Amino acid sequence: GQSLEQPSEVTAVEGAIVQINCTYQTSGFYGLSWYQQHDGGAPTFLSYNALDGLEETGRFSSFLSRSDSYGYLLLQELQMKDSASYFCAVRDRWGQNFVFGPGTRLSVLP
Amino acid sequence: DAGVIQSPRHEVTEMGQEVTLRCKPISGHNSLFWYRQTMMRGLELLIYFNNNVPIDDSGMPEDRFSAKMPNASFSTLKIQPSEPRDSAVYFCASSLMGRETQETQYFGPGTRLLVL
Chain A
146 GQSLEQPSEV TAVEGAIVQI NCTYQTSGFY GLSWYQQHDG GAPTFLSYNA
196 LDGLEETGRF SSFLSRSDSY GYLLLQELQM KDSASYFCAV RDRWGQNFVF
246 GPGTRLSVLP
Chain B
1059 DAGVIQSPRH EVTEMGQEVT LRCKPISGHN SLFWYRQTMM RGLELLIYFN
1109 NNVPIDDSGM PEDRFSAKMP NASFSTLKIQ PSEPRDSAVY FCASSLMGRE
1159 TQETQYFGPG TRLLVL
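Quick note, the sequences are listed as chains A and B, same order.
Under our numbering, the first residue of the first sequence is numbered 146, with each subsequent residue one higher.
Under our numbering, the first residue of the second sequence is numbered 1059, with each subsequent residue one higher.
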């Protein structure tokens, strides 16, 4: 089976940097994805890591350590519009299972 | 590209009625996913198709749920009979899956189902 853990809530102020962690347990591993979901909206893809290291996309970066079964999403220069839920997700190497974490609700305060 | 299209966007029905949710994936994508999202259980994968063939339906709650993908551009998720505990947001997502392709799923806007 597969399971993922994320903090349930994170609060930060505009302009700050926040890190959302994700730990996973899986029988096989292909990659770790991150999705953003605003209230009432659909999840949208943010980033994907298949190999160890940091992937940077604008203000957002994602990191993966396969040996530690751990990853994180780093959000810089926070804006009010970043207030949303963030999900990590894994797919096993056979593509048979897609599991999303419970989500982290980020609140950005003025 | 119009993205993933789902219909209806909202559905209110009474317990025992049949509910059919529809999805049109992004043209050219070879994989389609049905998810259910609730506050209690989060985002759960119900079933996954690859090249129109169901690959993994282990997430389908019970026999009341069925899904079909008759062609590459259309899929349905049917609940018969519906129960109040089926109330949730149902998302359809599509992707282009392959050994060398990045894992990116594109979600539709969802169908908000309320079973009274």
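No lab work stands behind these hints: they were computed from the structure.
Just so it is clear, the structure is predicted and the values come from calculations on it, not from any experiment.
One thing to keep in mind: the hints can contain errors.
Pair ranges (Cβ atoms, derived) [what the hints assert, rightly or not]:
(1) 1172(B) / 225(A): 40 to 50 Å
(2) 189(A) / 1099(B): 15 to 25 Å
(3) 200(A) / 1131(B): 40 to 50 Å
(4) 228(A) / 1098(B): 15 to 25 Å
(5) 183(A) / 1132(B): 25 to 35 Å
(6) 1131(B) / 185(A): 20 to 30 Å
(7) 198(A) / 1076(B): 20 to 30 Å
From the three backbone atoms N, C-alpha and C, an ideal C-beta is built for every residue, glycine too.
query: Do the Cβ positions of residue 183(A) and residue 1132(B) conform to the proposed distance bound of 25 to 35 Å?
result: The hint (25 to 35 Å, Cβ to Cβ) holds, given that residue 183(A) and residue 1132(B) are roughly 28 Å apart.
- prompt: Honestly, do residue 198(A) and residue 1076(B) meet the 20 to 30 Å range at C-beta?
  reply: Violated - the Cβ-Cβ distance for residue 198(A) and residue 1076(B), about 49 Å, lies outside 20 to 30 Å.
message: Quick check on a hinted range of 15 to 25 Å for residue 228(A) and residue 1098(B), using CB atoms only.
response: With Cβ atoms ~22 Å apart, the hint holds.
- prompt: Can the suggested window of 20 to 30 Å be confirmed for the beta-carbon pair residue 1131(B) and residue 185(A)?
  reply: 27 Å, holds
task: Mind checking the hinted window 40 to 50 Å against the Cβ distance between residue 1172(B) and residue 225(A)?
output: 31 Å, violated
task: Take the C-beta atom of residue 189(A) and the C-beta atom of residue 1099(B), compute their distance, and say whether it sits inside 15 to 25 Å.
output: Since the Cβ atoms of residue 189(A) and residue 1099(B) sit about 21 Å apart, the hinted range of 15 to 25 Å holds.
field: Pairwise beta carbon distance, residue 200(A) to residue 1131(B), judged against the given window 40 to 50 Å
entry: 32 Å, violated
When the structure is compared with the earlier hints, violations turn up for hints 1, 3, 7 and for no others.
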